[in-house]
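K.L.:
Using the sequences and the hints, build the whole thing.
Protein chains: 2
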Amino acid sequence: MLFQPVGYPIIAKSSLNLSRKFKKDNMIKITLPDGAVREYEKGSSAMDIAKSISEGLAKKVLAASVNGKVTDLTMPIDTDSTLSLLTWDHAEAKNTFWHSSAHLMAEAVQSLYPHARFWVGPPVDKGFYYDIDFRDTKVTEEDLAELEKKMNEFAKQNNGFIRKMMPKDEAVAYFTEKGDPYKLDLLNNLNDGEISFYTQGSFTDLCRGPHIPSTGLIKAIKLTSIAGAYWKGDERNKQLTRIYGVTFPNQKEMDEHLLMLEEAKKRDHRKLGKELGIFTMDDMVGQGLPLWLPNGGIVIEELERLAKETEHAAGYKRVVTPHIAKEAMYLTSGHLPYYADSMFPPMELDGTKYYLRAMNCPHHHKVFDAEPKSYKDLPFRIAEYGTCYRYEQSGELFGLMRVRCLHMNDAHIYCSKEQFADEFRAVNEMYLKYFKIFGIDKYVMRLSLHEPSKRGQKYIDAPELWEQTENMVRNTLIESNIPFIEVQDEAAFYGPKIDVQIWSAIGREFTLATNQVDFNSGNKFKLSYTTKDNSTDVPLIIHRAPLGTHERFIGFLLEHFAGKFPTWLAPLQVKILPISDKFMEYATSTLEALKKAGVRVEIDDRNEKIGKKIRDTELMKVPYMLVIGEKEMNENKVSVRRQGKGDLGSVDLTAFIQDLCVEIAERSAE
Amino acid sequence: MLFQPVGYPIIAKSSLNLSRKFKKDNMIKITLPDGAVREYEKGSSAMDIAKSISEGLAKKVLAASVNGKVTDLTMPIDTDSTLSLLTWDHAEAKNTFWHSSAHLMAEAVQSLYPHARFWVGPPVDKGFYYDIDFRDTKVTEEDLAELEKKMNEFAKQNNGFIRKMMPKDEAVAYFTEKGDPYKLDLLNNLNDGEISFYTQGSFTDLCRGPHIPSTGLIKAIKLTSIAGAYWKGDERNKQLTRIYGVTFPNQKEMDEHLLMLEEAKKRDHRKLGKELGIFTMDDMVGQGLPLWLPNGGIVIEELERLAKETEHAAGYKRVVTPHIAKEAMYLTSGHLPYYADSMFPPMELDGTKYYLRAMNCPHHHKVFDAEPKSYKDLPFRIAEYGTCYRYEQSGELFGLMRVRCLHMNDAHIYCSKEQFADEFRAVNEMYLKYFKIFGIDKYVMRLSLHEPSKRGQKYIDAPELWEQTENMVRNTLIESNIPFIEVQDEAAFYGPKIDVQIWSAIGREFTLATNQVDFNSGNKFKLSYTTKDNSTDVPLIIHRAPLGTHERFIGFLLEHFAGKFPTWLAPLQVKILPISDKFMEYATSTLEALKKAGVRVEIDDRNEKIGKKIRDTELMKVPYMLVIGEKEMNENKVSVRRQGKGDLGSVDLTAFIQDLCVEIAERSAE
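One line per chain: the protein sequences are A and B, in this order. Adding 850 to a residue's 1-based position in the first sequence gives its number in this note's numbering. Adding 850 to a residue's 1-based position in the second sequence gives its number in this note's numbering.
Keep in mind the hints are simulated off the structure, nothing from the lab.
Copies of the same chain look alike in the list, so a pair counts if it fits in one copy or across any two.
Below, a list of computed lysine-lysine pairs in the BS3-like style, where the Cα atoms sit at most 27 Å apart: (1) 1432 with 1382; (2) 909 with 1102; (3) 1124 with 1226; (4) 1158 with 1446; (5) 1445 with 1158; (6) 1414 with 1158; (7) 1471 with 1446; (8) 1226 with 1463; (9) 1382 with 1167.
P.N.:
Pasting the structure below:
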């Protein structure tokens, strides 16, 4: 989260200490994230400013965002600027930290393998890697411990990352002398004035930066894997060695991370998806196109029922629209030509190009437009579990997380400006309602705002609407007491948006869905409604998908619940285990009673020992097992074993069914 | 229905009368539809045979089917043959009747407009047309009565349709002399030996036939419309005049037909679909791609709920599969290249062709194949409201009846040969259950069989399986006492099928759905299961879709119910009409009580007279109106007006809600 100091005096006392002599025109105005404006001497660095705020902050801060651009903390600031001091909690700070860690690893490699040549070393989702040409030396997994040791040694030296600009000819001469074809290749695409080097300790690298202040901040180091990687990803090139690692500012976070990885491996949604018969992929169908098996079909059905009930209660109407449309539709929406790379290629029919849709909104706009609307029809809320198709490169595809077919919990709300705040708040509250149902305790909404200087290019040029809607969105988040962070320059073209980040039970982060304001499509599609005073106006549009896509959400749920779905979602809710054939009749009547109550139930009628029946049912993660023997039959009871809780003892059958039905109807997360 | 004489002696007495002297080797064997074999003198015609059976039949019979080919009744039969005598109830007989009627119309045209030239005059769905070049004469709607009169005159002459073969050069000379470019054009594509002429009265036409015996059978004549039609459908050619007509063997059927047409116009699903907010089409989306508006969304939702409940109770599991697949899938299924013209063109991605699916079966086969199956898993029944896309030429598209996007009530049953009969019977019973719910009283199942001589070409070469499955299908139909007709040479490539024909309340015929046996795809997709004795076998597959597609079925229902859906299906079930603002509070509490009971309900809160409120609600065909005034409020009652029944008087609110909920839960057709 951004560090947001609150309520500092406009000119901080500490800032006066930076220089005892200064003139007013030698000062710059620094605007902090909370809106406070403070004056500093021209040329002050973000680190200077951090120190002026508190020494504690200065020790934690890793990078700065100056006018929306992430930079070194040591960079002098010469003009009036907005400034965010980025600490570990901020994604950009993590990226900087891991990028610096890649340099630290390179330093260790250089000291152990002086002949090694370096290609690139970027941060990734969790950690970093560096692609290295070890030349004649073969480096394997066994060598990683030694490298880690060296990295720890260099980290303890607490060397600063020192930036130096260099003219291109000088840089070319430097790497030519060094005999480094990789960095020379990188220089090809760089011009004078944009070539910078970073040095820490004895290692120097061509690098755009930014970096953390010094290596001493890196307290916990783990090199996780080693693999081959073709230079530039082209298999005709030489294979380099890619070493992956992850680092943290303290050992506790490292321990948690490693535990989480171990747990995540057990909870891998691809593994569980197969074991539990949720989904499959098939080469004849195509990559990234999951086939949902019967058990997956049940989970989908339950999620859709929840969404339909929730949306019905919230005044949504359901529509059904085709998965294709003519090129003209996407030229109108603006998705073509800009978004074409993410869409499937067109099908040409009768001289017209048809596209598989990558989003449902244009079809919904057409539904709005099909019948004349007046202010009485607004807010007009239409929902559809609309299936979209997006082209993701095959290398990017990953289980249910990155797919080409998306079943989206989509809806669009068409409303007046006066109705907007209430509608937007109601959508946020729907998110919270869902989080509660699924036991999602940690979440944050990422409010993406536009960058005013890019209006007319990256953003639609409507300053007033931007101000209005951004304020409205911010205010609803504050009023609803929802944790959020603000990010500049990441809005949609047509309005501000909220990206919802959630964390699974084991602390992994997922981007679930977006909630977007759109004051542009109404104009593009010439949508209008008659106002109270009989004039016409263009509706504002809210795009929302609280449950995201079936693909990603079920992938998330598999990990979140470790495959142990709450009873209402479980494909099989109850398994009846008769101890022997003698009790089949009672088992069958129990089955019928449960079926009649709408419970998903089966009998294990195999000729197996009860111990084996219990173990096999546990593997399928069924919420309830009912063991049935002589005693149960005679007393019209069942012996209940609850998933995760063990033996609950003998219970009256009718009472059991009653309680179970309540648990299911309430969608209890227990 | 085919005329199926039952139990005649093998050599009919009457056939002996045809000729008093004959030798045994001068006889042919005629096999009738019921399997009875009778002997006739070589050269006997179908009419001779009809007469030998009964004079009544001979008067009714219109054409014959000899060895599966429809022919004139007068054609001599020289070899052992199978014979069906086609009466009016048979589609092929109707076609012949209407084709002959086109000739009758041409005779009338010729007598009134001797300079007219004739192009082609085929039968159509209901009736016939002829494309005519009237040259300098302008013929309009007003001239049709005169033509009709002339047709009636020639019909009464009861002229026979006389066939005559002609060598090509003679035919060319004939039309050259006549100066008829149209028939000369037709002759271009004909060869010696296949050129026949038909003459009735003073009119002779180049024609392949067959025809009915004589014009006197045409008792009721109506010319329905006149329009322009480019020669050969090409707008660069001359525009001819197309006259449409319809004829019947008696006036009663004509009257019924005209009444039905009038009623069908009022019930036009395109008109009702727009008025009731069911669906719309949009040019940017594309022709034949309906967008389902909120009211249509409700009907779809209710139909899907019915299907899901019914299928769940019948042991089906639900799956969800993508709308696309790779080319390899359709090469395996055999849809490519043969069915390519009916599919959307491919999308090429990463060097692979992807197709929008035109059927769900291959995806379901992949679901079957995703996990190993044993005999214990069979029958494996998987259902999906799968959306398919088919290419129909734009000229063929028609409202919801011919579309390019189909939401199909699909399912596939994988079973062993032993299970087949029970499964097939259960599917048929599901059809009947649905017919009852929707008040469909008239239906017939058309059993399409293969033609043994075409095995290995049009049909898979598996004589035993054909015999087994055709017998099983026939027997289940007989056992279930379902009306059916048998049609030779119309099976699917992979097995026999049943096409289900239903009639709407006004007597229009619709093809609803098919029920198919498939003993081929299992092999093609290498599907197998482990049998009881631990060997492997290939499952039989049943393809079924009792509710057809949403598109066609809802189109049918709109006509069938004239838009007055039964309450459970109605988008809006109850409208509350307060007599004035004074009763809004009670109206609102009534609304809430109904909503709580799950009823779809609205208040008409406009400041309008109650009469206007009632009239407007009637237009929207809402099943129930609740009128609320002083008396109702004071007594906690509602005045109920039932769609189609009028005022039902004042009813206690709680009792009304109770009865309504029962009506909805029972899906009462009332």
